[in-house]
Structures are given as C-alpha cells and as structure tokens.
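Peer 1: So the protein sequences, as listed, match chains A, B, C, D, E and F. When we follow the working numbering, the leftmost residue of the first sequence carries the number 1, and every step to the right adds one. When we follow the working numbering, the leftmost residue of the second sequence carries the number 450, and every step to the right adds one. When we follow the working numbering, the leftmost residue of the third sequence carries the number 899, and every step to the right adds one. When we follow the working numbering, the leftmost residue of the fourth sequence carries the number 1348, and every step to the right adds one. When we follow the working numbering, the leftmost residue of the fifth sequence carries the number 1469, and every step to the right adds one. When we follow the working numbering, the leftmost residue of the sixth sequence carries the number 1590, and every step to the right adds one.
Keep in mind the hints are simulated off the structure, nothing from the lab. Nothing false has been slipped in among the hints.
Quick look at which bits of chain E chain D covers, simulated, 3 or more residues with Cβ under 8 Å:
1) 1500 to 1506
2) 1516 to 1529
3) 1544 to 1550
Selected chain A positions facing chain C (in silico; Cβ < 8 Å):
4) G3
5) V21
6) L52
7) L54
8) F83
9) L213
10) Q412
11) Y418
Built from N, CA and C at the ideal position, the CB exists for glycine as well.
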Amino acid sequence: MEGDAAVALALNSVWIMVAAVLVLFMQAGFALLEVGFSRMKNAGAVMAKIFLNLSIAAVVFWAVGYGFIYGGDASFFGGEGFFIDFSDSAAFSEDFYGGEELSLLPGVDWFFQLAFAAVSLAIVFGTMLDRMKMAGYVIFAVIFVAIIYPTVARWTWGGGWLAQDGFLDFAGSSIVHLAGATAGLAGTLLLGPRIGKFKDGKAVPIPGHSMPLALVGIIILWVGWMGFNPGSTLGAIDADFGLVAANTNLAAGAGVIGASLMAMWVMKTLDVSQIGNGAIGGLVAITAPCAFVEPWAAVVIGLIGGGLVPPIVMLLDKIKIDDPLGAIPAHGVAGIWGTLAIGLFGVAELTGDREGLLVGGDAEQLWVQFYGVVVTFGIVFVAALLVFGAIKYTIGLRVSPAEELTGLDISQHGMFGYPERFIEVPGAEPEGISESEFTPVSSPSSSNT
Amino acid sequence: MEGDAAVALALNSVWIMVAAVLVLFMQAGFALLEVGFSRMKNAGAVMAKIFLNLSIAAVVFWAVGYGFIYGGDASFFGGEGFFIDFSDSAAFSEDFYGGEELSLLPGVDWFFQLAFAAVSLAIVFGTMLDRMKMAGYVIFAVIFVAIIYPTVARWTWGGGWLAQDGFLDFAGSSIVHLAGATAGLAGTLLLGPRIGKFKDGKAVPIPGHSMPLALVGIIILWVGWMGFNPGSTLGAIDADFGLVAANTNLAAGAGVIGASLMAMWVMKTLDVSQIGNGAIGGLVAITAPCAFVEPWAAVVIGLIGGGLVPPIVMLLDKIKIDDPLGAIPAHGVAGIWGTLAIGLFGVAELTGDREGLLVGGDAEQLWVQFYGVVVTFGIVFVAALLVFGAIKYTIGLRVSPAEELTGLDISQHGMFGYPERFIEVPGAEPEGISESEFTPVSSPSSSNT
Amino acid sequence: MEGDAAVALALNSVWIMVAAVLVLFMQAGFALLEVGFSRMKNAGAVMAKIFLNLSIAAVVFWAVGYGFIYGGDASFFGGEGFFIDFSDSAAFSEDFYGGEELSLLPGVDWFFQLAFAAVSLAIVFGTMLDRMKMAGYVIFAVIFVAIIYPTVARWTWGGGWLAQDGFLDFAGSSIVHLAGATAGLAGTLLLGPRIGKFKDGKAVPIPGHSMPLALVGIIILWVGWMGFNPGSTLGAIDADFGLVAANTNLAAGAGVIGASLMAMWVMKTLDVSQIGNGAIGGLVAITAPCAFVEPWAAVVIGLIGGGLVPPIVMLLDKIKIDDPLGAIPAHGVAGIWGTLAIGLFGVAELTGDREGLLVGGDAEQLWVQFYGVVVTFGIVFVAALLVFGAIKYTIGLRVSPAEELTGLDISQHGMFGYPERFIEVPGAEPEGISESEFTPVSSPSSSNT
Amino acid sequence: MKKIEAFIRHEALDAIRDSLEKLGLPSMSVSEVKGSGRQKGYTETYRGARTTVFLRPKLKLEIAVDDGDVDKAVDTILEHAHTGQAGDGKIFILPLEEAIRVRTAERGSVVLESHVEDAAA
Amino acid sequence: MKKIEAFIRHEALDAIRDSLEKLGLPSMSVSEVKGSGRQKGYTETYRGARTTVFLRPKLKLEIAVDDGDVDKAVDTILEHAHTGQAGDGKIFILPLEEAIRVRTAERGSVVLESHVEDAAA
Amino acid sequence: MKKIEAFIRHEALDAIRDSLEKLGLPSMSVSEVKGSGRQKGYTETYRGARTTVFLRPKLKLEIAVDDGDVDKAVDTILEHAHTGQAGDGKIFILPLEEAIRVRTAERGSVVLESHVEDAAA
Ligand SMILES: Nc1ncnc2c1ncn2[C@@H]1O[C@H](COP(=O)(O)OP(=O)(O)O)[C@@H](O)[C@H]1O
Ligand SMILES: Nc1ncnc2c1ncn2[C@@H]1O[C@H](COP(=O)(O)OP(=O)(O)O)[C@@H](O)[C@H]1O
Ligand SMILES: Nc1ncnc2c1ncn2[C@@H]1O[C@H](COP(=O)(O)OP(=O)(O)O)[C@@H](O)[C@H]1O
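Chain A with its partners taken away, still in its complex shape (with noise of 0.2 Å):
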C-alpha cells in the first residue's frame, strides 16, 4: 500500500484494535460484577457461563453474526459474508463495503463488533443469576449472537431504516444496553424470582457475596468503556475520541453521584452496590449521546443515569420481577433515558444534523430517538420471550429448587466455586433434594472436610 493510505489504515487500525481490547476487557468486569453480586455457592457456575458466552460469540458472529449486521443491502433482516476470511481484504470490502477501501484492517473491524455483541450478550444473564440452567442459556447464547442483536444492530449501524430515520445511537444505549436488559426481562419474567427473595409480600436481601469483586468489576467496565465509546468513531485520524473520552467519565462520575444521593434518599442507607450500579447507569446513559452533546450535558444525562436507578430498583421489587444485578434500571432505564438524551441535549454542530428540543427548541429528533427504542425494546423483548419461552417448555431454562438452594456449582459442575469455605453457605443441603442427584455412593470409602 502507498505510504499516506497505510500508514491511516495502521493508525485507524491501532487506535480500534485497543478499543476492541478495552471492550473485551469489559467481560472480565462482567464476570466480577456477576460473581460479586451471586451467593457463594453459585461462583463457579457464572464463570462458566461468562467463559461459554464469550466462547460462543465469538464463533457465531463469525460465522453469520456480522454478516446479519453489515452483510447486504436489507434495511429490515438478513445478511450475508458468513464464515469471513479476514485475510483476504478485498473479498471482505466486496461483501461488507461495497468495495470501497477499507479504513480498517477487517479482523479488526470483526473484534470491534464481536466485542460489543459480547457485552450486550453479558448484560442478558444478570437478571438470570443463581437458577438458570446452562443448557438452556447456551441455546439463547447461539440465538441472540446469530439473529437477535444482528437485527437490531442492522437498522442503525448496518445502515438500515432506524439510521435512514436518522434515529442516533452513537455507541449503543439502545442497540446493546438496552437490548441486553430487554432480553434480560423476559428471561427473569419466565425464570421467576429466586427462592426466597420475595416473603410475606415483601422483598427480602440476597446479598451478593461480594462487594469488593463486584465492585471491582465495575471499575474495569468503566476503564472498558474508553474503548466502547471512543472507540465508536470507529477511527483515530479526524476523530474526536477526545470529546467522548471526557464526556464518558464526567457522565460516569456524575452517575455515581447521583446514584449516591438517591439511595440515601429512597433507600435510607449509601448502598454499596447502588453506588456501583449508578456508575454503570451514567455510563449506559451517555453511550448513545457521548459524541453529540456537550460536557454540561453529559453531567446532567449521568447524574439521571445513575439516579434513575435506586428508584428503579425498588419499583422493580415492588412488582415483585427478581433482577439480582440491577441490569434492567442500569441497562435498560438508562439506556433508554441515554437515547432520548440526544433529542433533547444534541447539538448541531456535533450530531451533524438536528439539535436537541432543550438545545434548538426542536422536538423531531426526540421523536425520532423514541420511536427507535420502542421498536428496539419491542422486537427484542418479543424474540426473547420467544425463545426462551421455547426453552422452558422443551428442556428447560430453570434448575430444580433442590439444586437452586444447593447452589449450581457442586450440583452443576460436581464442585464448589469456593472449597474452602464452604462450610458457610445455608441451604448447601435443601429440603426434599433427591439423594440420587449427588451421586449418592453406597460403599464407604473416604470422607473430607
């Protein structure tokens, strides 16, 4: 390649490849978010599904993933380019961009994107913690990594109707935030609670049983996201990853801050885990308006993300829908709050279009950005009912409440997550579990502590 056109596909190349980096990363957040917010008997079974989810997308969104989002001309559904040989660039420019030349090397291209349609595969599970059997999720894994979250991602970024409508969503509040959590919903309405969680009417603490993990997950999905947002311009040279970069962190800081204020508001006490959910909340919230809107505006759209989500979780407890990590206020309020945000704080200069109705008076863009997250909340929450309606009424997507209250890992993977410590977890031993799904063992032999 000549000179000035490689070393711009190298630069380009450099700056999303760690932006790809910083968004896988965010899988090790997740991971420690899920874990710190499960009990203890559950540790082992989360990280298996974090490592089958991660596994599984990968190879799906090679294989017809990415051709759903970007492959074709469909504004609805469809795709082709499946099973891509990124080494031949060409080939790859033919079915994905018309043949144009690339500004980024495609196995780069391709990770950005598996990355994001890992993160929003993640969000999924945390309203499903601590009763789900594996089996069943892994079906969904296949299915929302191959068709559902292709479809949505097509009508914005693939360039399909909701981006011909001019709908915004700069890094994905709605198209992975919100899709997530709304997966999530319909999973946690057909799983039902946890035992336990709701008693007399009322809803009763499960604590996670880890503030400190948990928490520490959440720091790395707010270092994961320098590369889920300013990664979004998708390039280095005459891009403004700067703007977006300071927009992220004033929102996240101001989600906490909020989140902080309303907890000691609506719930009385400095929640710990409210205080990590609220980071999450602005970070969610600014991901659609990061690259539109100017810095005052992502403090507000942050200080609501996260302070939209004490609230939440408390209406969400009183309707009695069990959601262990807050993805639905985190994810999914906030998301939604994130995608309207653009109609009411956009700025022209920036979204390069309309302005926002707080900013120009203006109330198209709003509009636009509303009915993009009822069609994204619709269709995602539809297919997921779908197929994990179809799940639980052929193999099943909840474990027996003898293995729930034994924990997943020693009844689901034949050892516990924590061995050593055991010994302090309740309900290791349920009421009425059959003695044969413990592998009961007749001839005495050896015994440990």
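Mind docking chains B, C, D, E and F with the ligands on chain A? Use the hints.
Peer 2: Showing chains B, C, D, E and F with the ligands alone in chain A's frame:
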C-alpha cells in the same frame, strides 16, 4: 485538518488516550490494594470510597481543577478556563495554550490529567483506612482536586515558578505521589491510629484480609504505570517513551528486590506485603527521573526506592503513626528519593540541561530538586492539616469507636461487604456500642443466618 | 528525525508499546490463575513468587537475556549487548540490528520481549505450586531468563538455525509456552506430587480455593493475548494484526467449546477449571499459527487445542504427575499441537513460503515444525532438569512436609495470605511438625483470634 | 435445667427461631458443623478426580432451658426440622448444672426463664 | 470434673485467656457462634430491601476443669466478659464424666489439673 | 447414653471417621475450633510487627453413643489421633439424658445404636 497535521494529532492523541486509560485503570489497582490491606468488615466501605473519590475527581477537575493548573499565567496560584467545553478546540487552545495549534485533542489532554489527579487523591486515603468517616472525606476530596493538587501541579507542569527554576519531575514523584502521601500523613496524624494498633507501647499486626487481592492490585498499578510514566511524554512523535517504559520496569523490579532484601534484614521475614510495597516504592521513585536517567541508574533508584520501604514502615510503627497501606514510605519517602535522584543521576542529553551530582559533579540541580520537594511537602501538609482539621472540628473525621469496631460496612452502609462470611470477623459487636446505632428492632419478625 | 520516518517510528512503537503492556498485564492473569488454583494456605506465597519472578525477569533480561537472543550472529548459542542503554539508539542498533534504522524505539522493543520472557517463566511455576521452596525457585528464575529461554528464542526469533531451516512460530507456541511447560514438567518430576494428591493409587481432588479468581485470571490472559499475538507483527504499518486478533479470538472461543465438550465426555462433568484451561489451550495452540492460517483453520486449531486438555489432565493423573494448574496440557501439549498445525494448515500467501499438508499436500513444513518442537522440548527439558536437579541436591527444591501441610504462607512468610479466614483450612497444624519451625514462644503474652 | 443440642438442616432455622421466640424462648446459640449419619455422601469432581464427601453441612442449635420448657422446645424443633428424609438430624438433651448470666451474675433457672412478657410485647 | 461453656463477646477473649493462663488454666477451645437472647436484632439493608438479623456473632469458650477450679474460671470469665449491656452472654456448667488426654491416654482429673508450675515458669 | 466430645488435629479426622464407620458408628458432627493448652503458641509477623498466637486450629468431634459403644469409640479416636506430641488433644465424655431422631421422632438409645448391618453392607 491537513493530512500530516491530522495524522500527527491523531497519533499523539491515540497514544495519550491509551496512557490515560492505563492511568484510569490504576483506580482498580488502588481499590484492590486498599481493600486487600483493610479488614473484612470494612471492605464495602473501601469500594464506596474509591467510587466517590473518582467521581468527585471527574466532575470537580472538569469544573475547576484543570483550570487551576493550566489556565492563565499566574506563577503561584490562580487559573481560568472552568467548566470546559472539549468540543470547542479553538476556545480550549485559547484558554490553556495561548491559542497555539494543539498537539492533543482537548478531551484527551484533560482525561490524562484527570487520571493523575485521581491517583494523587487515591493515595491520600491509604493512611486513613478502617476508621475514616465518609462525609468528611468527601469534602476533603473536593478541595484536594479543586485546589490543592492543581496548585502544586501548576508550579511545575503548569509552567509555574518551580518549572522556571528548573525543577524537574517528569511524571510526578513529588507532584502526584508525595503530594498524596503528605496529605495522608496529615490525615492520619489528625485521625490517630486504629483501635488496637498499639498495645503496651508496641505495634500489633492488624493484617489486611487478602494478600491476593492487594498484590494483584499492585500488579495492576505496575501495568497502569506504563501509561503514567511513558504517557508523560504527552505525545508519540519524537518522544522516547520506550526509554521511559524500560526504566520504569527496571526500577519496579529493582524495588521488589530491594524491599525483599531489606524486609528479610530488618523484619526477619520475607513479608508479602513488603514485596508489594517495594514494587510501588520502585515505581514511585523512578516516576520523576524516568526520562532523565540511564537504565543502570533506574535500577539503582528503584533498588533504593523499594529498599527504603521496610525500615520506614518500622520507623512509623515506632513513632506510632498508623499507615495501614504503607502510603507514607511507598509514595512519600520514595517520592522524595526519586525527585532528588534527578539531582544525582540526571544526564544532560536527557534533561536537556543540567547534569546530576554523581554524573556531572555539579550539585545545582540537586539543590533545586531539594527545595522543590520541601515546598511541595510543606504546602500540601499545611493545606491538608487545615482542611482535615476544619472537618475534624465540625462534622468529624473519624467514626465512633463502636462503629470502628463493628466495621464500617454494617455501620455506615447497612450491609457487610462480604455478607456470607461475616461470622468470622471478631469485633462485629463491640463493647459499649449503643444499641440504637444498629437501628434496633423491637418487634421480632424474622432472622437469617 | 524526518517527518514520515518519525511518524512511522512513533506509530509502530505505540502499537508495540500497547502490545507490551497487554503482555505485561498477563502477569496479573497468571497471578490470579495460580492463586485461584492453589490452596488458601499458600495464597500469599503465590503472590510473592509472581512478584519476585517478574522482578528478576526485568533486571536479568536487561542485564543479559536480551543480548543472548539478539546480540551477535551465533546460530546456536551466545550473544552480546548486555546491560543495555536504551537512550542510545545508535548503539542499540549497532548491537542488535547491524546498524540499520530502527523500526521501534529500543526501550519498546526490549519491553515487549521482556514481557514474553516473563510469561514463559510464569508458566514454569504452575506445576510446582503449593510445595516449592522460594529460594530454589529464585535461582532457577535467574538462569531461565538469563540463558535457557533466550537460547530457545535465539534459534527462531534471533535468526538462529531453526529460523534458517524455515521453522515458523509466530508468537511462541513453542518458544514461550512449550518451553515454560517443559521446564515445569522437569520441575514437577523432581519435586514429586503434593502430599495427599495420590491415595491408594488414585488421584484425589485438591481443588483450588477460588474458581472466580482463577477464571478472571484467564479472562485477563485472553485479553493479554491480544497483545501477545497481534503484537508479534512487531509493527503497525503494513502488518495485518487484525487477522491475527480475529484468529486468536476464534481459537480461544473454540478452545473453550472443545474443552467443555471433552470434559463432559471424559470427566462426566462440566468442570469449571477445564473450561478455563480450554481457553488457554486454544490460545496457546493458535499462538504459533495465528498469522499463517485462515479463520476456519483457527477454529479447528483452537477446538483441538482446548479439547486436548481434559484427556491429558486425566492421563497425567494416571501416570501420577502432579500439575495443579494444567500447565502441561494447556501450555505444553497445546503448544506442540499449535506449532505442528502450521505444517497442516499454513497458507502460502500468509507464510510467505511453504503450504501446510492439509492445504497444499506437502509435508515439508510439517517436518520442520516437528523437529523444531522436538529440539525445543529436548533442550529445555535437559537444561531444566540439570538446574532444578542441582538446586534439589544443594539448597533443596521442596519445603518440609510439615511446612507444606501447614501452608507456605505462615511457614515461609510469617503470616497467612487470608488472615481472617484461616480457621477453615485443614492441615494448618500438621502431624509431626517440630515446634521450633513456628518460632515457639515460651513466655505467655497475648493471643488473638 | 437442661441443655438441648440439636443438629438440623439450615432451612429449618428461621422457622424454629421464630416459633421459639413466640413461646418466650428467644435465646439460643447457633453454629455451623458438618455431620455424617444415615444420610449418604455425595461426590465431588475436580479436574476428573473424584471423591466422596460424607460430611454434610448442618446447623447446631444450643438452647439452655428450664426443665419445664424442654418439651416445648423439643416439640418446636421437631415440628420445623422434620422433612422425613435421611439427614433431618438429631436432638440431644444434656443435664445442666448451672447457668450464669454474665451481665448480672445471676445464677440458676431464673437466667433461663421464658420471657413470655417480652414475647407478648 | 465440670465442663464450662461460656458464650461471650469477641472483645473479652484475650483478657480471659491471659488471666486463666496466669491461674494455671491455659487450656480451652474457642469457636464462633451466632446467638440470640435479650439483645436486640439489627437491620441489614441491601438494594433497598431490609431484614432484621437476630443472630449476632459471639464466641463460645469450652473449658473442662477440675471441680476445684470451676469457681476460679467462672469468676475470671465474669470479670472480663461483663460490660453491663444486653448481650454479655451466659455461662453454663455441665457435668463431665471423663477426660482423656490423647497424647498419653491418661484419664481423669489429672488431665485437667491446673498447670501452676507452668504458669509460674 | 454418652456424648463424646473430642478435640483433635485435622489430620486425624479421615482415619477416625473411616474406622468408626466400619465399627458401625458412622454418625458424628464435626466443627472447627481454635484451642490452647500445653502446646505452645507460634509467631505471626506482618509488616515487621509481631504477635504470638496461642489458639491453634483443631477439630471438635461430637459423637453421641450408646453406653456400650463408648469404649470402642474412644479407643478408635485414641488410636488415630495420637502422635505423641503436645497438641494431640483431649476427649471428654458427658452424660446424655435423651436422644431424639428428628426424622422419626424416635427416642432413646435406639437412635444411637451401632448400624453394624449397614457397615457390613
Ligand atoms: N450420634 C450422633 N452424634 C453426633 N451427631 C449426630 C449423631 N447422629 C446424627 N448426628 C447429626 O445429625 C445429622 C443428621 O443425621 P442422619 O443420621 O444423617 O439423619 P437421620 O437421623 O435422619 O438418619 C448428622 O449429619 C450429624 O450432624
Ligand atoms: N438459653 C441460652 N441458650 C444458649 N445460648 C444462650 C442462651 N442465652 C443466651 N445465650 C447466648 O448468649 C448470648 C447473649 O445473650 P443475651 O440474652 O443477649 O444477653 P444477656 O444475657 O446479657 O441478656 C446470646 O447471643 C447467645 O449466644
Ligand atoms: N481443658 C480443656 N478444655 C477444653 N479444651 C481443651 C482442654 N484441654 C485441651 N483442650 C483442647 O485440646 C487441644 C490440645 O490440647 P493440648 O493441651 O495442647 O494438648 P496435649 O493434651 O497433648 O497437651 C487444645 O488446643 C484444645 O482445643
């Protein structure tokens, strides 16, 4: 923008963006370090503190902090350019760079500096672990990020009077680390030691609850330092961040070796926490001189920086200053040593000016370094003493003895950080605690294990 | 430097700097993996080991290691360019690149190579967990980083005789991973299994204490591998690190799937540790061929790399080799498979030369790969056996049975790694331990819980 | 005075404690034990190696009561701890010679009397 | 021979152990329990949901002593465990029929005798 | 009926449990305690500060047995727990007034009888 300038801006910005992300990641390192070195009963409170700190830093540093470093021309104190709009490059350049062409995207520049301010603030907390009141600390955090740290940074990096005198501190041994540790020293003096730390005139071990978490935190700090020091080139083109990276790794390694040998000598044991502190000592020591010395000198600087830690830890115990994390030796004393080391080992080709005493035989640079250290220590110590003192005598700096013994998690945040393990922690229900501090409940309803 | 050359140097250096940081970050991954797979009573000792290893690696690789890979022209053994001065580019180029213009900053080049050496060294330890004497290991570490690893690396990456024969190992399936695992095999053979590992001729589970920490460690390794493999392009311009990144992710994902299926088949359980080891198996396998094969082949290579792990784990148990972490299957056997896979799946456009047997029908490359693997294994095995043997019969390689049962933390480092949890760990006070090993105290003074 | 020691399943604790409290017997101490008995062991598998664990987690309740309260307490435990499956546990009754309240240094059965007035409150 | 079982606050342990050792009674076993009694519960809050915890952490001391040492031991415990606030705990005294030292298979009260000479040493 | 309480080293547990099971006494409860006695303390060091720990980890076995099985059980424990070094532990025997099986509400020594037929099976 024109081709070459656009490439240069993008390339410099990508590198500094990456470096900023690495420095931001250090917050995960500090979180793990602090939580690992604290008691189980305070683990959740540590995480809450980290999040509030970082969040406050983000918003305050945008609102005023950055402006107090780089805005205007005052040599001693003052600034302009508050509530920055990163989307307006021209205004940004006007406010901070005299209208010159920018070599970095505004948001990237700010993000990198923010990450440094947040590190300095995180260091303060280390000495105050396990007994500090959150509300008081939050107030200090605002003032530290708004004014104290920016003033010190202004003197050197903002082109202030110390810079004009030729004081050198490449990445902040003094500005960031010594400043943080000095404020921490003021804090611990006003707080006093943890209950039970000194008994019959002798220091009692209060071991942190998890060496694995603490030391993984230090590995993350080491990784983050690869942005901290090499990123302080503030650009990629014609900048030798390679030398800086190599020197930093060598000093970190030598710091571990120095601390290990010293611990075996003065403590008669290969203390795991000292190994970790030694890495920090080495890293802090090389932070100021990393771009000004040759690799052999980096090894010497690191060896001494790490080696100083164990004896200083023992000295603090002797004079009854309680510093649970070793922030004073590892960030403070090593920071002083590193800053002075430029005056000993600096090489003219690298400093671009004066040579160090041991290399060029001239003590001039050492003298500048010396009074730079003295004024940094002095101004921060006095300011922190005033602020912490004002807090102490108004809303209070320290929790009640009962709350301290019970643990900050349950007494301040309503729930343990490790809910399933808490049975093991002594002191969960201290002598003399007033019932009402636990929100006693008279109507028996339900209990859980 | 002139504009374009300066940009190229900066761009290549930024990319390799980032890659080096990612590979350095793998140390956090290894730390978590090793600590999670070890017993609670040895957790602090594991962390001490990781720090000493990395520190020794940094200093020794600067002093001599790098020179033994790249210095001089010897094909088999030798070097020059010790105690490198990275601030002198001209001398650096003279020593290592025949005076050619450098494509990377010297410090960046060295840092990247250092990170690889540290990975290879970290792997060795995995087989020796829970019973190794620190002093002996430290000596081995010096020799391994100074001479053993550099010699193997010289043969291929230093342009030595294997490279001249056309042996290919893009990022080190053999040079880094097989070499590390082979030394580990020698170590475990000389150490013997942990007390209690085999009973009545059968393997007994000695589960690691934390699957969450271990598997988060593996996610970090996966993330770090995004520097390991894609960074091995050694530059950004005209280098397809995108293909490498995509192949690496695909193989990792396929490795998890392969190991999961095999574990369910041969172990009759979806073992969480095997899922993690499977990711490593897939990653190690693709490390050699990642730049030479097409994505479909990466999936196949990863599937087999991961799938090999569970049966080999069981085989080792059968032949009574104790490898607590699975380093031998995941780094050793998968490393062999990956290196050979180039001879099967290599594509001429990518290797720039010969085609693999299954692609081009020619076995020539496979033959070269085969003897490359054999000599790598052979030389490392013999060297490690000699060094470990010499240590064993002088200062000793293994702690006493009493120390092993009591745990390395309290017996070697004077304090538990988890001081507040230790009541739970059996074996904390073993049969037959001599009182004096605990520094008995005759005058009663104080006690703590 | 008697000391009741009951080895039960974790799940039964809340109900037992609530009922006893209503009966004016809020005082007890609970600890975690591992027990073996008629109940069978279960298998743990790790990296393909297997072992059978015969000791299963149970809770131990310790309740010192006045002679007259023994039956009340035992019946309450039986009621809530019973599932009918192996592993339900056992209750042991030991003679107790003296009971002393640390706060007041009172001795004897006054220390153990049911707090019916408290429970009613 | 008697067996003393004392449920106390964590804070009292060190002082009790030290004093008993000085009296020649260094032998005891300590474990962690959770107890309920007169002392009130406290509230835990998580994500806005609340629960009241009635079981609070205590330590259990088990000390087997010769008949003649019972009062010494009980008095020592009372002295150091007393704060005057609800939750100070209780001491129970049970009859002990036999004591055996595993190391020597000795039986009877010799196994429990105060080690006054040791303490003096 | 008697209740045997044995404080032993961790290492002895497996052998004791196996042997008792072969003798038809598979039932026991195990918990973790920390104990002090003749055995000396050890030193912990952290950041240069030192402390002596006198309480060392032990296991406590609780075994309720029929009068006729006491000697069998004690001998088995003595056999496997003995190393001859300070810290081997102690065995205490307490009178037991009643034993109740929760599953069946059976009472008395039938609840504790050796299960020789099971063991033989
Ligand atoms: N003889 C005994 N001594 C001490 N603890 C016992 C004894 N028998 C039973 N236990 C405790 O009771 C628990 C349940 O006993 P198990 O025999 O399995 O149930 P079941 O009585 O329903 O047959 C055991 O796990 C153990 O903790
Ligand atoms: N009857 C009892 N049986 C067993 N343990 C008891 C009993 N009464 C008290 N305890 C133990 O003593 C602790 C303190 O008892 P509590 O009644 O709260 O204090 P006080 O005796 O000062 O009123 C309890 O938490 C419990 O562990
Ligand atoms: N009088 C006692 N009361 C309660 N527990 C005891 C008593 N004596 C010994 N123990 C338990 O037995 C363990 C071993 O006792 P120790 O005196 O050290 O051994 P030895 O009997 O071999 O001298 C102690 O750690 C403690 O747990």
